[in-house]
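Undergrad: Sequence:
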Amino acid sequence: MQDFFLNYKTIIVFLHVISAVVWVGGMIAMRYAAHPSFMEIESPAKRLERIAHALKRLFTIVLPFVIILILTAVVMIKGYGLSQSEYSVFSHAKEGIWSIMFINLVVMMKRRNRADKMLNDGNFAGAKGQLELIGKYMVPTNIILGVIAIFIGTYFSSTL
Numbered sequence: 000m001q002d003f004f005l006n007y008k009t010i011i012v013f014l015h016v017i018s019a020v021v022w023v024g025g026m027i028a029m030r031y032a033a034h035p036s037f038m039e040i041e042s043p044a045k046r047l048e049r050i051a052h053a054l055k056r057l058f059t060i061v062l063p064f065v066i067i068l069i070l071t072a073v074v075m076i077k078g079y080g081l082s083q084s085e086y087s088v089f090s091h092a093k094e095g096i097w098s099i100m101f102i103n104l105v106v107m108m109k110r111r112n113r114a115d116k117m118l119n120d121g122n123f124a125g126a127k128g129q130l131e132l133i134g135k136y137m138v139p140t141n142i143i144l145g146v147i148a149i150f151i152g153t154y155f156s157s158t159l
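Residue numbers (numbering that gives the first Met the number 0): 0 to 159.
Watch out, some of these pointers could steer you wrong.
[What the hints assert, rightly or not] Here are the simulated lysine to aspartate or glutamate pairs, DMTMM-like style, with alpha carbons at most 20 Å apart: (1) K127 with D2; (2) K127 with D115; (3) K127 with E39; (4) K45 with E94; (5) K109 with E131; (6) K77 with D2; (7) K77 with E94; (8) K45 with E131; (9) K116 with E131; (10) K55 with D115; (11) K135 with E85; (12) K45 with D2; (13) K109 with E39; (14) K116 with E48; (15) K77 with E131; (16) K135 with E48; (17) K109 with D120; (18) K135 with D120; (19) K135 with E39; (20) K55 with D2.
Hints listed in this document are in silico derivations from the structure and should not be mistaken for laboratory results. From a predicted model like this one, the values you see are computed outputs, not experimental measurements.
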């Protein structure tokens with residue numbers, strides 16, 4: 000694994016960084032740019048439909064990058080030998096953060112899918128309940144965790 004990593008280090012690190020940027024940046028754009036615009040839509044039904052649609056598109060875009068992020072993380076941990084180094088605590092912390100974020104993403108995707116079904120059934124209150132938690136708590140949680148993980152990665156890059 001170390002030979003593979005050393006031969007493709009620049010590409011692997013680039014893919015890792017761009018994946019984190021797309022994932023975290025996408026959530027920031029959705030929460031702090033798109034979401035306030037959605038709140039200006041007067042029709043509650045139309046607002047919920049637009050939010051559900053935008054979340055579906057966001058998740059479709061970020062999911063491949065999340066997979067790339069996880070794969071490149073494994074390659075970098077093995078390639079740098081982080082598990083057996085003085086940086087193992089930070090490496091495990093970063094693994095834990097991205098794991099929590101991934102689980103949170105999967106739950107958000109399920110909630111969005113439930114909301115979409117509820118919207119199709121005319122259950123706007125139920126759909127609002129599903130989507131509200133995503134916007135108020137789940138996306139901001141992933142943004143905070145993602146920024147922390149990116150900071151840890153930046154620390155790694157300046158010391159390795």
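Undergrad: Now tell me if each hint is right for this structure.
TA: Going down the list of hints, with the structure as the test:
1. K127 with D2: 50 Å, violated
2. K127 with D115: 10 Å, holds
3. K127 with E39: 15 Å, holds
4. K45 with E94: The hint is violated at about 38 Å.
5. K109 with E131: Given pair K109, E131 holds - Cα atoms ~13 Å apart, limit 20 Å.
6. K77 with D2: Distance of about 10 Å is within 20 Å: holds.
7. K77 with E94: Measuring from Cα to Cα gives roughly 13 Å; hence the hint holds.
8. K45 with E131: Roughly 15 Å separates the two Cα atoms, so the pair holds.
9. K116 with E131: Roughly 15 Å between the alpha carbons, so the hint for K116 and E131 holds.
10. K55 with D115: 9 Å, holds
11. K135 with E85: With Cα atoms ~37 Å apart, K135 and E85 exceed 20 Å; violated.
12. K45 with D2: Outside the cut-off at roughly 53 Å; violated.
13. K109 with E39: 25 Å, violated
14. K116 with E48: It holds: about 11 Å lies between the C-alpha atoms, which stays within 20 Å.
15. K77 with E131: Given that 20 Å is the threshold and the Cα spacing comes to 39 Å, the pair is violated.
16. K135 with E48: Roughly 17 Å separates the two Cα atoms, so the pair holds.
17. K109 with D120: At roughly 17 Å apart (the allowed maximum being 20 Å), D120 and K109 satisfy the hint.
18. K135 with D120: 24 Å, violated
19. K135 with E39: At roughly 17 Å apart (the allowed maximum being 20 Å), E39 and K135 satisfy the hint.
20. K55 with D2: 38 Å, violated
In this structure, the hints that do not hold are numbers 1, 4, 11, 12, 13, 15, 18 and 20, in rising order.
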